[in-house]
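A.B. asks: Chain by chain, the residues run as shown.
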Amino acid sequence: MTHEIGLQIRGGTKVYPGTRALKGVDFDLRMGAVNVLVGENGAGKSTMMKVIAGVEQLTEGQILMDGQPVHLGGTDDARRHGIGIVFQELNMFPNMTVAENIFINREITRGRIDIDTAAQREATRGLMRRLEHDIDPDTLVGDLRVGQQQIIEIAKSLAQDARILILDEPTSALSAAEVEILFRVIADLKKQGVGIVYISHRLEELIRIGDYITVLRDGAITGARSMEGVDVGWIVRAMIGEASKDFAKEIDHPYGAEVFHAEDVTLPRPGGGMAVDHVSMSLRAGEILGVYGLMGAGRSEFLECVIGRHPHAGGRMFVDGKLLKTRTVSGRIRSGIALIPEDRKNDGLVQILSIRENMTLSSLGAFTTGFHMNLGAERGTVRDFVKRLTVKIASMENPVSSLSGGNQQKVVIGKALMTKPKVLLMDEPSRGIDIGAKAEVFRTMRKLAAEGLGIVFVTSDMEELMALSDRIIVMSNGRVTGEFDRKDATETLVIAASAKGHAPTPVKEPAA
Amino acid sequence: MTHAATTPAPQAGSANLLLVLLKARTFIALILVFAFFAFAAPNFLSTANMVIMSKHVALNAFLAIGMTFVIISGGIDLSVGSIVGLCGMVAGWLVLYGIDLGLGWSIQFNTVEICLIVMVVGVLIGAVNAFLITKLNVAPFIATLGTLYVCRGAAMLFSDGRTFPNLNGNPEYGSDTFRLIGAGDVLGLPISIWMLIVVALIAAYIARRTPLGRYMYAVGGNERGAALSGVKVNRIKFFVYMFSGLCAALVGLIVSSQLVASHPATGQAFELNAIAAAVLGGTSMSGGRGRIGGTIVGAFVIGVLSDGLVMMGVSSFWQTVIKGLVIIAAVVVDQAQQKLQARVALQAEAAGK
Ligand SMILES: Nc1ncnc2c1ncn2[C@@H]1O[C@H](COP(=O)(O)OP(=O)(O)OP(=O)(O)O)[C@@H](O)[C@H]1O
Ligand SMILES: [Mg+2]
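These protein sequences, in sequence, are chains A and B. Residues in the first sequence are numbered consecutively from 1, following the working numbering. Residues in the second sequence are numbered consecutively from 1001, following the working numbering.
Keep in mind the hints are simulated off the structure, nothing from the lab. It is possible that part of the hints are untrue.
Computed list of lysine-lysine pairs in PhoX-like fashion (alpha-carbon distance at most 25 Å, straight line) [claimed, not checked]: (1) B:1339 - A:23; (2) A:345 - B:1323; (3) A:420 - A:345; (4) B:1232 - A:420; (5) A:422 - B:1232; (6) B:1023 - B:1323; (7) B:1135 - A:325; (8) A:322 - B:1232; (9) A:392 - A:322; (10) B:1023 - B:1339; (11) A:387 - A:420; (12) A:447 - A:392; (13) A:422 - A:387; (14) A:322 - A:422; (15) A:420 - A:392; (16) A:422 - A:447; (17) A:325 - A:422; (18) A:500 - A:487; (19) B:1323 - B:1055; (20) A:447 - A:487; (21) B:1232 - A:325.
Simulated restraints, written as ranges between beta carbons of each label pair [to be verified]: (22) A:95 - B:1142: 16 to 22 Å; (23) A:80 - B:1293: 45 to 51 Å; (24) A:384 - B:1040: 38 to 44 Å; (25) B:1142 - A:312: 24 to 30 Å.
From the three backbone atoms N, C-alpha and C, an ideal C-beta is built for every residue, glycine too.
All chains should be modelled from the sequences, with the hints used to inform the complete structure.
C.D. replies: Shown next as structure tokens:
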């Protein structure tokens, strides 16, 4: 079956200060099919999509739709041409409701003046049914977790009835069940003839959903073909030039004494009920503890309680057997806990500061004698971490917002590691980073564990969970519903535990 | 319009020169304003006028330095003008009456003690601002607007709205040196300028080379993110408002010493000049961006402009209009230069390969 080409880029070049993000790319977007896009962090995937969505303009080259050159000077231009996009970073108004966010700038009105809230609410409910999520249209978006916000972003793009739909890493915070639902929606859209671009670093997903694949490397297209006969090995070779997909190597090392212990941690939900419901866990030095669960299971909230973000959280915590008395984040960091937060844009980074200033923000003490900061030592350490984590940067003085999504994530990881923690909490640490960097991050995690660090990591990626954890804890509805040793854990067991306390059909899933 | 960038790439050298010029634009503006008045206003370049002018600039520059810190950390401090007034009154009271304990005799202070007490008053008012903002969650604009009124009213209450005249001090108590703060000079420079140099250097050092300064920028850039990185956000806010209060107290001391009198209405609208200087110097009102050096240059632009206009005999109504226009123009140019700078950098980049 062939698909007609709905949009083309010819000779597209995009220059940013300090980088050429695209170097004369030719890209064909086919209608009624899923066009997947892969490449390392900073390869230029998001840039190419932003050009199509009218957010950025090409420095050179042109965009053709149905053979005619078009000018996409802004998102409204793109929308007129039927192009919709879900950006890699969330773009939501936390102070507005779900319905208001979905219809922002496209409000349903009576006589162009009066907003018809009832109609918007109804339409939102329809979209939520389609995405099989039970999120109330009147919830404030700021009260939702990152994964749920991603669902809202997807709903927002669906509401446009776009002819071309771009999804830039839409699933980075979704777990298996939610990805399934999205794939069903995508299949529907395909049948209606919508051309879809799908970007992800989860290669298995790409193979399942894709019809055509385009590989980007350093701003140039190094391969474009139909998906037939493509496997993970091929993608990795095309992406980084070697076939290694070397996940965590088993460095077997003995565990040390218990380094962290949490007892009866509770956190009330704003709307009533418990977000974290009497969770206890213990962690030994050198152990990697994987925490799995569906969206809204309370995993991230638990980590946030540990780092001290919620002053009204209940329960007791111990590091090295000593009860933590401090309730502040800085106190907890000093006691040896570090967190890599889930929402890097709002929690992890200060966008307008430079890469260097972001990386060292939690560990300035190490470069300071008295009042005086040693900027030379700071630069040296940053250079070292940039190399270790293979962050792709033009200069460490550039604002962190000029980095690609995955490279921003690496900066956040670097920041946490710089505090030399005893207990490292990682919330979706591999969110948005490419396979080479993922391997690097996992190798680093293993190495740190071997050096005696205790690691708790939350993930929605089953493969990652199985490959990396020494022990697995499954949460559901704020409670621990399963605990497995790596030897005994199977996907079925884990998924069964994660569904405990949920009604059989996900539609009836209680609202978060 | 799908255009290929065919603009001939400028020579790398000239592009670099243009970038340098753009970056130094506030400074260039200062030189232009200066040169203009040197021609247009007689006696503008006389030493006497330079000294007077720099004294005027210094007053605004103190407040602008404190304001820059507050704005960098994402806040605003409207109360500085009133703190100047109140601190001036406190200084005047201490010089004239000391503290009356109601036992038939009063405690008198020497100049150093008076200065310290006044500075403590300024810092405490700053602490009240910070308390309102951090612990009671009042928006900075509202909290400092409140203290603006309270301090102004308190200053009036001190003297029932009258002026404290003749603050000559008393040699017996060691307070006769009070006048030197405003009138004395060391090595040919007025003492208030020396004070400004010291405060500016300390502030620039704090901003660039201490964790405290770094945290200020982080809090202004993303308060939530900074808190999750372990920055003690409240402490930083306390510091910036207390520092701003301290700067205002210094101005209160200098003004009352210069005039040898303190008037409760002193300092009205000073906060607006301070904000203007900070913004002219490139501080971003949305927080996270700004430099002490820029602020100082901004204060000079405003100061030179208003003094020059006075010397040219422009009516004070027109002075106000012109000052407003210059502020708007400066910000417009700032925006334009950022775009231009990006474009020049891009062209250099595109030409480079
Ligand atoms: N606003 C910007 N200013 C300067 N450079 C930028 C800007 N946006 C992107 N870049 C650079 O362009 C290059 C391509 O970035 P892009 O976001 O397209 O990567 P990506 O392929 O989407 O990567 P990821 O998988 O990490 O999301 C990167 O080197 C990045 O640093
Ligand atoms: Mg991207």
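A.B. asks: Determine for every hint whether it applies to the structure shown.
C.D. replies: Now the hints, each set against the structure:
1. For the suggested pair residue 1339 of chain B and residue 23 of chain A, the alpha carbons sit about 23 Å apart, so the restraint of at most 25 Å is met.
2. With a C-alpha separation of about 39 Å, the suggested pair residue 345 of chain A and residue 1323 of chain B falls outside the 25 Å cut-off, and the hint is violated.
3. Between residue 420 of chain A and residue 345 of chain A the alpha-carbon distance is near 23 Å, which keeps this suggested pair within the 25 Å criterion.
4. Of the pairs offered as hints, the one joining residue 1232 of chain B and residue 420 of chain A holds, with about 19 Å between alpha carbons and a cut-off of 25 Å not exceeded.
5. With a C-alpha separation of about 21 Å, the suggested pairing of residue 422 of chain A with residue 1232 of chain B holds against the 25 Å cut-off.
6. With a CA separation close to 22 Å, the supplied pair residue 1023 of chain B and residue 1323 of chain B stays within the 25 Å bound.
7. The straight-line distance between the Cα atoms of residue 1135 of chain B and residue 325 of chain A is roughly 21 Å, inside the 25 Å bound, and the hint therefore holds.
8. The suggested pairing of residue 322 of chain A with residue 1232 of chain B holds, with an alpha-carbon distance near 23 Å, which does not exceed 25 Å.
9. Of the pairs offered as hints, the one joining residue 392 of chain A and residue 322 of chain A is violated, with about 40 Å between alpha carbons and a cut-off of 25 Å exceeded.
10. Of the pairs offered as hints, the one joining residue 1023 of chain B and residue 1339 of chain B holds, with about 12 Å between alpha carbons and a cut-off of 25 Å not exceeded.
11. A threshold of 25 Å between alpha carbons decides the hint, and for residue 387 of chain A with residue 420 of chain A the separation of about 17 Å falls inside it, so the pair holds.
12. With a CA separation close to 22 Å, the supplied pair residue 447 of chain A and residue 392 of chain A stays within the 25 Å bound.
13. Between the alpha carbons of residue 422 of chain A and residue 387 of chain A the distance comes to roughly 23 Å, so the proposed pair stays at or under 25 Å and holds.
14. The straight-line distance between the Cα atoms of residue 322 of chain A and residue 422 of chain A is roughly 13 Å, inside the 25 Å bound, and the hint therefore holds.
15. This hinted pair checks out: residue 420 of chain A and residue 392 of chain A have alpha carbons roughly 23 Å apart, not beyond 25 Å.
16. At most 25 Å may separate the alpha-carbon atoms for a hinted pair to count; residue 422 of chain A and residue 447 of chain A meet this at roughly 13 Å.
17. For the given pair, residue 325 of chain A sits about 17 Å from residue 422 of chain A by alpha-carbon distance, which is consistent with the 25 Å threshold.
18. Distance restraint check for residue 500 of chain A and residue 487 of chain A: the Cα-Cα separation of roughly 22 Å lies within the 25 Å cut-off, and the hinted pair is therefore satisfied.
19. For a cut-off of 25 Å, the pair hint linking residue 1323 of chain B to residue 1055 of chain B stands: about 19 Å separates their Cα positions.
20. Restraint check for residue 447 of chain A and residue 487 of chain A: the C-alpha separation of about 21 Å stays at or below 25 Å, so the hint holds.
21. Simply put, residue 1232 of chain B and residue 325 of chain A have alpha-carbon atoms about 17 Å apart, close enough for the 25 Å limit, and the pair holds.
22. At about 18 Å, the beta-carbon gap between residue 95 of chain A and residue 1142 of chain B stays in the expected band of 16 to 22 Å.
23. Between residue 80 of chain A and residue 1293 of chain B the CB atoms are about 47 Å apart, so this pair conforms to the stated range of 45 to 51 Å.
24. Distance hint check: the CB atoms of residue 384 of chain A and residue 1040 of chain B are about 57 Å apart, inconsistent with the given range 38 to 44 Å.
25. Range check, residue 1142 of chain B to residue 312 of chain A: about 26 Å between beta-carbon atoms, so the 24 to 30 Å window is met.
In terms of the numbered hints stated before, the structure departs from hints 2, 9, 24, listed from lowest to highest.
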